[in-house]
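Student: All chains should be modelled from the sequences, with the hints used to inform the complete structure.
2 protein chains.
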Amino acid sequence: MHQSEKAGKGHRKGATILVIEDNKDQWAFIQRALEATFADFKPIWVPNVQQAIEYLTDCQKIGLRLPYLILLDLYLPEREVGWQLLEQIRSLDDPIGQLPIILLSSSDDKDDITHSYERGITSYIIKPTNYPAWVESFQTLKEYWLDTVSLPGSSSYF
Amino acid sequence: MHQSEKAGKGHRKGATILVIEDNKDQWAFIQRALEATFADFKPIWVPNVQQAIEYLTDCQKIGLRLPYLILLDLYLPEREVGWQLLEQIRSLDDPIGQLPIILLSSSDDKDDITHSYERGITSYIIKPTNYPAWVESFQTLKEYWLDTVSLPGSSSYF
Chain W
1 MHQSEKAGKG
11 HRKGATILVI
21 EDNKDQWAFI
31 QRALEATFAD
41 FKPIWVPNVQ
51 QAIEYLTDCQ
61 KIGLRLPYLI
71 LLDLYLPERE
81 VGWQLLEQIR
91 SLDDPIGQLP
101 IILLSSSDDK
111 DDITHSYERG
121 ITSYIIKPTN
131 YPAWVESFQT
141 LKEYWLDTVS
151 LPGSSSYF
Chain B
1 MHQSEKAGKG
11 HRKGATILVI
21 EDNKDQWAFI
31 QRALEATFAD
41 FKPIWVPNVQ
51 QAIEYLTDCQ
61 KIGLRLPYLI
71 LLDLYLPERE
81 VGWQLLEQIR
91 SLDDPIGQLP
101 IILLSSSDDK
111 DDITHSYERG
121 ITSYIIKPTN
131 YPAWVESFQT
141 LKEYWLDTVS
151 LPGSSSYF
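Protein sequences appear in the order of chains W and B.
Residue numbering for the first sequence is 1 to 158, as defined by UniProt numbering.
Residue numbering for the second sequence is 1 to 158, as defined by UniProt numbering.
It cannot be assumed that every hint is accurate.
No copy is singled out in the list; a pair is fine if it fits within one copy or between any two copies.
[Unchecked claim] In silico BS3-like links for lysine-lysine, alpha-carbon gap of 25 Å or less:
1) 142 x 61
2) 13 x 61
3) 42 x 13
4) 127 x 24
5) 13 x 110
6) 127 x 142
The set of hints was computed from the structure by calculation and includes no laboratory data.
Keep in mind it's a predicted model, so treat the numbers as computed, not measured.
Tutor: In C-alpha cells, the structure reads:
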C-alpha cells in the first residue's frame, strides 16, 4: 500500500473536518467529541448554507486543504435547506463533490433517512443523546474512514 | 429511536451480505472473515456480473430480503467489468439502487480509487493481505454500518 493512499498519523496534522450545524449548543458537543477522537484534526464550524458553500469554494479557489469528512446537520432549520445544500455540494467539481458527507440529525423519521440517501449522503447517523455516545460514534467514524477506507485524492486533505 | 430503524440483534437473523468476487480463494477468505464478524448474517456469493444482477432483480421480483451491504470486487477480471456492474446496480430502483456498495480490491491505484467513487461506490477498501487484518476490517465495517449508521428501509433487510 502506498503511503500516499493511507494517511500516516504524522500526515494528519492540519487535516480538517467541516461541521455544518446551525445550533451552537450542538456544535459545542460535536467539537468536544471530535477533539476527543480526531485529535490531529481541526474541526471547522459553519452555521449556515452560505458559509458552507463559501468555505468549500474557497478550498478550490485559494487552495485550502479539503476537509476529510463533512458532517452535515439536516434541519438548518428546515430539512429542505439541508437537502438543498447537500445537492449543491454534490454538484461541485471533484474531488469536493465526492467527499464523504455524514448526515447527523436528531430525526429518526424514515422519510428523512430515505430522502437523504436519495439526495447523495454517504451515511445517516441519528445524533446521540449523551456525550459518551457521541464519542463512541466518532470513534467508529474514525476507525472506518481513516483506518479502513481509502479516499480519492488523499494528498488534498493532509 | 424506532426499533425499525436500528437493527436489534434479534432481527439480524437471516439478513444477508452480497459478495461479488470472481476469485474462489478470495471468497473463501472473505466468507471466513464475515462468519467471524457478521455472525448473524448469511453471506451470499456470486462470482460474476450476470449472477449479481440476477440475484438483485430476484430480490425485487420474488421478495427476497435485500442484502444489507454489497461487497464488490473491482477486477472481474477487468476493472471495466466491475465499474459497469456498479453503474448497473446504482441504476436499479430504490432501495436497491441505494444499498451501500463497499469496493474491495487488491489495487491501491489512485485512478482505481477515484474512478470508483465517481461511479458511485460508498467506500473503497484495499484488500487486507492476511486473515487477522480481514477480520479487523470487517469488524470496523460492522460497527460502522450496523451499530452507528441508519440505512433506509431497514425492514427490507431483516
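Student: Against this structure, judge whether each hint is valid.
Tutor: Now for the hints, and whether the structure bears them out:
In this assembly of identical chains, residue 142 and residue 61 lie within 25 Å of each other by CA distance neither inside one copy nor across copies; the values are 28 Å within and 38 Å between. Only within a single protomer do residue 13 and residue 61 lie at most 25 Å apart by alpha-carbon distance; the minimum there is 22 Å, versus 50 Å between protomers. Taking the closest pair of Cα atoms, residue 42 and residue 13 come within 25 Å of each other only inside a single copy of the chain (8 Å); across copies the shortest separation is 41 Å, beyond that limit. In this assembly of identical chains, residue 127 and residue 24 lie within 25 Å of each other by CA distance solely inside one copy; the values are 15 Å within and 41 Å between copies.
For the identical chains of this complex, residue 13 and residue 110 are inter-copy neighbours only, at 22 Å across copies versus 38 Å inside a copy, given an alpha-carbon limit of 25 Å. Proximity of residue 127 to residue 142 under the C-alpha cut-off of 25 Å is found in both arrangements, the shortest distances being 16 Å within a copy and 19 Å between copies.
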